[in-house]
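Visitor: Start from the sequences, fold in the hints, and give me the full structure.
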Amino acid sequence: MKQTMGVNTIDFKYLRQLVYEHSAVVLHGDKTYLAELYLQPIAESAGFASISELVKHLRIQPFSSLHVQTIEALVTNETSFFRDTQPFEVLKQFLLPELVKTRSVERSLNIWCAACSNGQEPYSIAMLIRENFPMLANWSVKLIASDFSSKVLERAREGRYNQLEIRRGLPNTLRDKYFQKLDSDWQINNQIRQMVEFRQINLLQSWSSLPEFDVIFLRNVLIYFDIATKKSLLKKVRQQLRPDGYLFLGSGETTINLDESFERVSFNKATCYRLHNA
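The sequence shown begins at 1 in UniProt numbering and counts up by one.
Just so you know, the hints here were simulated from the structure itself, not pulled from any lab data. The model shown is predicted, which means the values in this text are computed figures rather than measured ones. Take these hints with a grain of salt, some might be off.
To be verified - Within a straight-line C-alpha distance of at most 25 Å, the following computed DMTMM-like cross-link-like pairs (lysine to aspartate or glutamate) qualify:
#	residue 1	residue 2
1	Lys236	Glu253
2	Lys269	Asp244
3	Lys269	Glu78
4	Lys101	Glu53
5	Lys101	Asp259
6	Lys151	Glu197
7	Lys92	Glu165
8	Lys181	Glu212
9	Lys151	Glu131
10	Lys142	Asp84
11	Lys269	Glu131
12	Lys92	Glu263
13	Lys181	Glu165
14	Lys56	Asp84
15	Lys236	Glu260
16	Lys92	Glu106
17	Lys142	Glu131
18	Lys151	Glu21
19	Lys151	Asp183
20	Lys142	Glu154
21	Lys92	Asp226
22	Lys101	Glu78
23	Lys236	Asp259
24	Lys56	Glu106
25	Lys92	Glu212
26	Lys236	Glu53
27	Lys231	Glu44
28	Lys56	Glu44
To be verified - Just the calculated beta-carbon pair ranges, DEER-fashion:
#	residue 1	residue 2	range
29	Asn162	Ile223	24 to 30 Å
30	Ile223	Gly47	19 to 25 Å
31	Lys56	Ser208	19 to 25 Å
32	His276	Asn190	39 to 45 Å
33	Lys236	Ser150	18 to 24 Å
We treat Cβ as the ideally placed atom computed from N, Cα and C, and that holds for glycine.
Guide: Quick look at the structure:
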């Protein structure tokens, strides 16, 4: 009989510390079920009979690729195409039309999807631009997507998704127009893939390789960090955002009491942020 791979309190405490030291992500106590879900295949593929054996090995061995796999598995963020809908509507109806006007002389536009996971968010933006803003085809448009995990970036670059992922948020019209069927999966076409530049970036490290951005998507990221790290990240965002640029956070996230340089801007049911006096 296959052994159940649970995570006990002592092992989870070690995993929390490992993840925090290398990513600053805080794993809360109610996330043990996710640790079981994500670490079981790693333990099995490495030949361990249980997650406890995996953790025991990690404790006594020097930092290795197995430590990296474990950390990446625990910090990977779930996502979907056009997640939450409203931010993409705001981008389409308000922000991009405004930026097309204000950037008409320089004819350049920079958008960053931080913590892009498997790529659904940047590909959603790429399709939105392709569908609604044909004039940008002659502009210099940088759509940069980054993540901590090399594994998810590899998958994002491939742009291949299973049936369940395709059904989550992607209209059939866009699926039929921009994807091709591969066995039981769907792969996004080269036209859209080439619009996105994927980079491996640890948000806690230097952003010096990045340009200034007109729009930054940092959605469902701050919730994983402690207050000090949230403040540090927002300070870096402030320095990376153009004076009249916009920041999108997750629906349960805010800059309030973290960085007073930002003001909240509401468009219908959606909220984003910009710098004061923009």
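Visitor: Look at each hint and say if it fits the structure.
Guide: Hints, one by one, checked against the model:
{"no.": "1", "hint": "Lys236 x Glu253", "result": "holds, 17 Å"}
{"no.": "2", "hint": "Lys269 x Asp244", "result": "holds, 21 Å"}
{"no.": "3", "hint": "Lys269 x Glu78", "result": "holds, 23 Å"}
{"no.": "4", "hint": "Lys101 x Glu53", "result": "violated, 59 Å"}
{"no.": "5", "hint": "Lys101 x Asp259", "result": "violated, 29 Å"}
{"no.": "6", "hint": "Lys151 x Glu197", "result": "holds, 16 Å"}
{"no.": "7", "hint": "Lys92 x Glu165", "result": "holds, 23 Å"}
{"no.": "8", "hint": "Lys181 x Glu212", "result": "violated, 37 Å"}
{"no.": "9", "hint": "Lys151 x Glu131", "result": "violated, 30 Å"}
{"no.": "10", "hint": "Lys142 x Asp84", "result": "holds, 23 Å"}
{"no.": "11", "hint": "Lys269 x Glu131", "result": "holds, 23 Å"}
{"no.": "12", "hint": "Lys92 x Glu263", "result": "holds, 21 Å"}
{"no.": "13", "hint": "Lys181 x Glu165", "result": "holds, 13 Å"}
{"no.": "14", "hint": "Lys56 x Asp84", "result": "violated, 40 Å"}
{"no.": "15", "hint": "Lys236 x Glu260", "result": "holds, 14 Å"}
{"no.": "16", "hint": "Lys92 x Glu106", "result": "holds, 20 Å"}
{"no.": "17", "hint": "Lys142 x Glu131", "result": "holds, 17 Å"}
{"no.": "18", "hint": "Lys151 x Glu21", "result": "holds, 20 Å"}
{"no.": "19", "hint": "Lys151 x Asp183", "result": "holds, 22 Å"}
{"no.": "20", "hint": "Lys142 x Glu154", "result": "holds, 19 Å"}
{"no.": "21", "hint": "Lys92 x Asp226", "result": "violated, 32 Å"}
{"no.": "22", "hint": "Lys101 x Glu78", "result": "violated, 34 Å"}
{"no.": "23", "hint": "Lys236 x Asp259", "result": "holds, 11 Å"}
{"no.": "24", "hint": "Lys56 x Glu106", "result": "violated, 56 Å"}
{"no.": "25", "hint": "Lys92 x Glu212", "result": "holds, 21 Å"}
{"no.": "26", "hint": "Lys236 x Glu53", "result": "violated, 39 Å"}
{"no.": "27", "hint": "Lys231 x Glu44", "result": "violated, 38 Å"}
{"no.": "28", "hint": "Lys56 x Glu44", "result": "holds, 14 Å"}
{"no.": "29", "hint": "Asn162 x Ile223: 24 to 30 Å", "result": "holds, 26 Å"}
{"no.": "30", "hint": "Ile223 x Gly47: 19 to 25 Å", "result": "violated, 34 Å"}
{"no.": "31", "hint": "Lys56 x Ser208: 19 to 25 Å", "result": "violated, 39 Å"}
{"no.": "32", "hint": "His276 x Asn190: 39 to 45 Å", "result": "holds, 41 Å"}
{"no.": "33", "hint": "Lys236 x Ser150: 18 to 24 Å", "result": "holds, 22 Å"}
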